[in-house]
Amino acid sequence: MPDIYLGHGKDCGLLTARLLEAADIKSRVPKNANVIIKPNLVNPTKPEHGATTHVGIVEAIVCYLLEQCGVKSITVAEGAWIGAKTAEAFSVCGYNELAKKYGVKLLDTKKDKLVSVTARGIDLKVCAAFLEADYFVNVPVLKGHSQTKMTCCLKNLKGCIPDSEKSRYHQIGLHKPIAALTTVLKPDLHVIDSICGDPTFEEGGRPLQTDRMLLGFDPVLLDSYCSGLIDVDYRAVRYLCLAQEWGVGKFSPDKPNICEIGRENRPDVAFTRDDTVSYLAEFIEEDGACSACYAALISALNQMTGDMPADGEIKIGQGFRGQQPDGVGVGNCTAGCAKHLSGCPPTAAEMLDFLRTI
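Under this note's numbering, the residue at position 68 of the sequence shown is numbered 68, and the numbers go up by one with no gaps.
Just so you know, the hints here were simulated from the structure itself, not pulled from any lab data.
Some hints here could point you the wrong way.
[Unchecked claim] For each label pair, taking beta carbons as the anchor points, the in silico distance ranges come out as: (1) Glu21 / Asp123: 39 to 45 angstroms; (2) Leu114 / Gln209: 18 to 24 angstroms; (3) Gln303 / Val117: 37 to 43 angstroms; (4) Arg356 / Asn32: 33 to 39 angstroms; (5) Asp11 / Tyr102: 17 to 23 angstroms.
Where a beta carbon is used, it is the ideal one built from N, C-alpha and C, also for glycine.
Required output: the full structure, derived from the provided sequences and hints.
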């Protein structure tokens with residue numbers, strides 16, 4: 001059996017259907033199954049922006065499950081990042097229309113009941129719907145990430161926890177709880193949207209059009225292979241290395257067995273990572289910052305046209321709660337700083353205006 005199913009094409013829905021058929025997914029789905037599908041709807045932006053899962057991919061999965069697999073019910077479940085509304089993301093990204101057309105349920109995981117579990121010595125709270133489903137389909141976007149270098153199959157599972165847990169993960173060290181979560185949540189299928197993900201930034205903004213999708217069953221193998229597609233060394237992604245160490249999956253071999261579909265449609269795309277995000281991070285002193293807040297600060301710094309702050313000047317993150325450090329802070333956690341911008345999180349525009357004043 002192939003390690004990875006790789007497809008190329010302009011029509012993401014048709015390409016998804018071809019990948020599902022090639023992998024014979026219908027033979028893997030239990031009859032009358034309750035299916036849950038987890039896209040990446042981190043914020044309410046169109047997929048063309050490079051951050052969110054194309055609804056056409058999820059629609060093709062829904063159609064395949066209904067027509068080929070005889071499933072009982074399908075739920076699309078997601079929780080946008082802290083500060084964003086999942087309902088707005090569902091609307092902007094076209095999922096409300098999908099739900100009406102096919103009778104699919106939409107679940108905001110911010111409102112789901114929780115199950116307490118312990119994994120690798122870490123107490124975790126997980127949205128119950130993912131544990132109760134008979135078949136779990138993970139549909140991440142392959143893109144870069146300002147704090148973890150990349151996000152794909154494994155990190156997409158962070159949307160399966162409530163906002164309070166998302167904050168706590170950053171407080172206790174982001175990589176270990178993500179890896180621990182992947183030992184508890186084990187999707188049956190991963191369908192990767194690599195149509196136009198932003199290879200440098202989780203919030204999107206600089207999409208790279210590749211017209212590419214991937215499908216597979218081992219999230220560690222897929223993530224380690226996909227890291228190379230966006231010029232990231234998977235050995236530098238700590239949560240991925242921990243997941244491999246803890247038996248979640250195996251790293252991709254140097255020459256994986258790939259079933260390639262639509263090779264004739266493969267665009268000539270060359271990507272070399274730039275150092276913009278790493279450069280901007282030099283101006284930040286971060287301690288347990290949530291992704292939404294940190295990404296907004298990176299975005300604000302990227303728009304600065306005047307003098308930049310001094311290296312490490314801007315403080316951000318939960319580690320500054322209750323402290324009174326010198327200098328500049330953004331977000332409610334840094335309220336004790338001499339110069340401070342409130343918000344949880346403040347927007348990139350608010351941060352930009354604030355930074356320009358100092």
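Status of each hint after checking the structure:
no., hint, in the structure
1, Glu21 / Asp123: 39 to 45 angstroms, "holds, 42 angstroms"
2, Leu114 / Gln209: 18 to 24 angstroms, "violated, 39 angstroms"
3, Gln303 / Val117: 37 to 43 angstroms, "holds, 41 angstroms"
4, Arg356 / Asn32: 33 to 39 angstroms, "violated, 58 angstroms"
5, Asp11 / Tyr102: 17 to 23 angstroms, "holds, 19 angstroms"
In the structure shown, a violation is registered for the earlier hints numbered 2 and 4, in ascending order.
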